[in-house]
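S.K.: Letter by letter, the chains look like this.
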Amino acid sequence: MKNIFLFIRRYFNFLSFLLLQVAAIVMLSSASKTHDSFFSSLANEVTGSINKRYSGFREYFTLKETNRVLSEENARLKNGLPSNFLPVNDGKTYFLDTLTRDTLGHYRKFTYLPARVVGNTYTLQSNFITLERGTEQGVKKGMAVVGSAGIVGVVVETSSNFSKVMSLLHRNSKVSAMLKKDHTAGSIEWDGNDPSYLTLKNVTKGAKINKGDTVLTSTYSSNFPSGLRIGTIAEIDADPASNFYTLKIKTATNFFSIQYVYLIENTRYIEQVQLETNTPKNP
Amino acid sequence: MSILLKNIIRFVLLILFQVFILNQIPPLHQFIVPYLYFIYILWLPFQINRFWLLVIGFILGLSLDYFTGTPGLHAAPCVLIAYIRPFLLNLLIPKETTEQSYIEPGYKSMGWAPYALYAGVLTFIHHFYLVLIEWLQFGDFVYFIGKVTGTTAISLLMISLAEMLFNRKGRLRTNAA
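First to last, the protein sequences are chains A and B.
Numbering-wise, the first sequence is residues 1 to 283 according to the working numbering.
Numbering-wise, the second sequence is residues 1 to 177 according to the working numbering.
It is worth saying that the hints were derived from the structure and are not from the lab.
Beta carbons: idealized from backbone N, C-alpha and C, even for Gly.
Treat the hints with care, as some may be off.
[Unchecked claim] Interface residues of chain A toward chain B, partial, derived using beta-carbon atoms under 7 Å:
| hint | residue |
| --- | --- |
| 1 | A24 |
| 2 | A43 |
| 3 | T47 |
| 4 | F61 |
| 5 | T123 |
| 6 | S126 |
[Claimed, not checked] Over the 12 Å line for every Cβ pair with chain A, so calculated as not near, a few chain B residues:
| hint | residue |
| --- | --- |
| 7 | I59 |
| 8 | L92 |
| 9 | L156 |
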């Protein structure tokens with residue numbers, strides 16, 4: 001017993017070094033697996049509120065750009081209004097419904113919530129975005145996040161007033177995508193190199209693709225509505241050893257200057273994910 | 001100003017500088033990420049207790065981690081250089097002379113060559129370990145070697161800039177302190 005105490009006293013510094021190292025590594029490994037265990041919501045609130053102050057003052061420098069993006073988006077949305085598509089002789093007007101259920105019995109599936117970006121990284125291998133909107137304002141884990149130009153990421157963590165978004169620029173991020181032209185499915189990942197380019201994998205070589213083709217979110221995604229812009233094909237890499245293309249995609253979203261985003265809630269998200277993760281019993 | 005207060009202010013400023021300025025710079029190249037915050041460990045006083053040195057290193061790394069959303073990623077290399085620092089200082093400075101008369105490491109208290117070696121070795125170890133952890137998670141050898149060299153070079157450049165900008169007085173230790 002005495003020897004044990006002597007040992008601990010002699011190597012006290014080395015032992016505390018080992019202890020702190022192990023603590024750091026354990027935090028890191030469990031965090032990259034689940035994204036929430038060591039990210040207590042307290043720390044999230046503290047860094048979130050500091051980030052908020054900073055971005056409140058930084059926003060002044062990008063007002064012009066934000067304005068331009070918003071007015072562009074407004075113009076695009078106004079062009080899409082059903083009142084712009086009045087049939088000539090028919091006399092009927094179509095309006096978008098905002099209720100959860102309309103008179104014909106259609107149920108609303110997606111709801112959009114606006115949110116302000118208060119924190120954003122793009123220099124690391126695992127990049128996150130902090131939004132100033134949390135569980136008290138209706139944010140849930142797994143909600144999709146889109147910007148005005150294209151998709152941005154997925155909510156991985158929430159606290160009462162802030163939420164953390166795994167950006168597309170994260171090595172573990174994976175979004176199912178399709179080509180606009182012929183709906184060929186693939187999956188969007190990031191190789192960790194250039195924040196302006198993503199990688200589209202698993203596109204079959206049967207698809208006819210060209211540089212500049214648009215890539216959209218696919219119909220298979222559980223959190224993203226289908227048909228949102230992801231980007232355009234910038235480079236085609238046909239590996240002769242595989243049956244699939246690996247495509248370099250120029251992102252539609254400019255990750256260096258995100259200011260406002262929309263959170264999309266899929267009201268049937270939990271039901272779909274539960275069904276998909278169930279392991280079927282052998283018949 | 002007391003040494004404790006000065007170090008607390010330095011801690012806050014370095015973390016904010018790293019998070020809100022250096023991390024916001026659009027990347028010049030994927031290998032070059034500017035890091036400066038760990039200069040805090042380099043500049044801590046000579047006389048600090050080794051155990052507290054480790055704890056301070058851990059807290060420094062962890063507070064940066066909470067901003068970047070990667071708990072433990074920066075804490076591990078900071079603890080490592082905090083552990084190595086006393087051994088390196090023992091090797092590099094003549095005992096009983098500088099350590100007795102100066103408060104903290106710097107080119108004035110140690111001389112140009114030993115201080116450059118001290119900063120260079122600790123910077124290299126910090127980046128080597130940091131990128132190694134990243135590499136073990138994702139894996140790409142060219143990325144690993146390139147990022148260690150690129151990031152170390154840019155950090156050393158910034159450390160020398162910081163030394164020139166902030167002319168830290170090589171204050172002598174007095175009995176009153």
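S.K.: Grab the minimum beta-carbon distance between I59 of chain B and chain A and tell me whether it stays above 12 Å.
M.R.: The claim breaks: I59 of chain B does not keep its Cβ more than 12 Å from every Cβ of chain A (closest is about 10 Å).
S.K.: Would you settle whether the hint for A43 of chain A is holds or violated, based on the nearest Cβ-Cβ distance to chain B being less than 7 Å?
M.R.: Where the cut-off is 7 Å and the nearest Cβ of chain B is about 5 Å from A43 of chain A, the hint holds.
S.K.: Restraint: S126 of chain A near chain B, CB-CB cut 7 Å. Satisfied or not?
M.R.: Holds, because the Cβ-Cβ distance from S126 of chain A to chain B comes to roughly 6 Å (cut-off 7 Å).
S.K.: So is L92 of chain B really clear of chain A, every C-beta pair being over 12 Å apart?
M.R.: Given that every Cβ of chain A is farther than 12 Å from that of L92 of chain B, nearest at about 19 Å, it holds.
S.K.: Against chain B, is F61 of chain A within 7 Å by beta-carbon distance?
M.R.: With Cβ-Cβ at 11 Å, over 7 Å, it is violated.
S.K.: Restraint: T47 of chain A near chain B, CB-CB cut 7 Å. Satisfied or not?
M.R.: The hint holds - T47 of chain A has a Cβ within 7 Å of chain B, the shortest such distance being about 5 Å.
S.K.: Under 7 Å is the threshold here; is the Cβ of A24 of chain A close enough to any Cβ of chain B for the hint to stand?
M.R.: 4 Å, holds
S.K.: Is the Cβ of L156 of chain B more than 12 Å away from each Cβ in chain A?
M.R.: 19 Å, holds
S.K.: Just to be careful: measuring from the Cβ of T123 of chain A to every Cβ in chain B, is the smallest value less than 7 Å?
M.R.: 5 Å, holds
When the structure is compared with the earlier hints, violations turn up for hints 4 and 7 and for no others.
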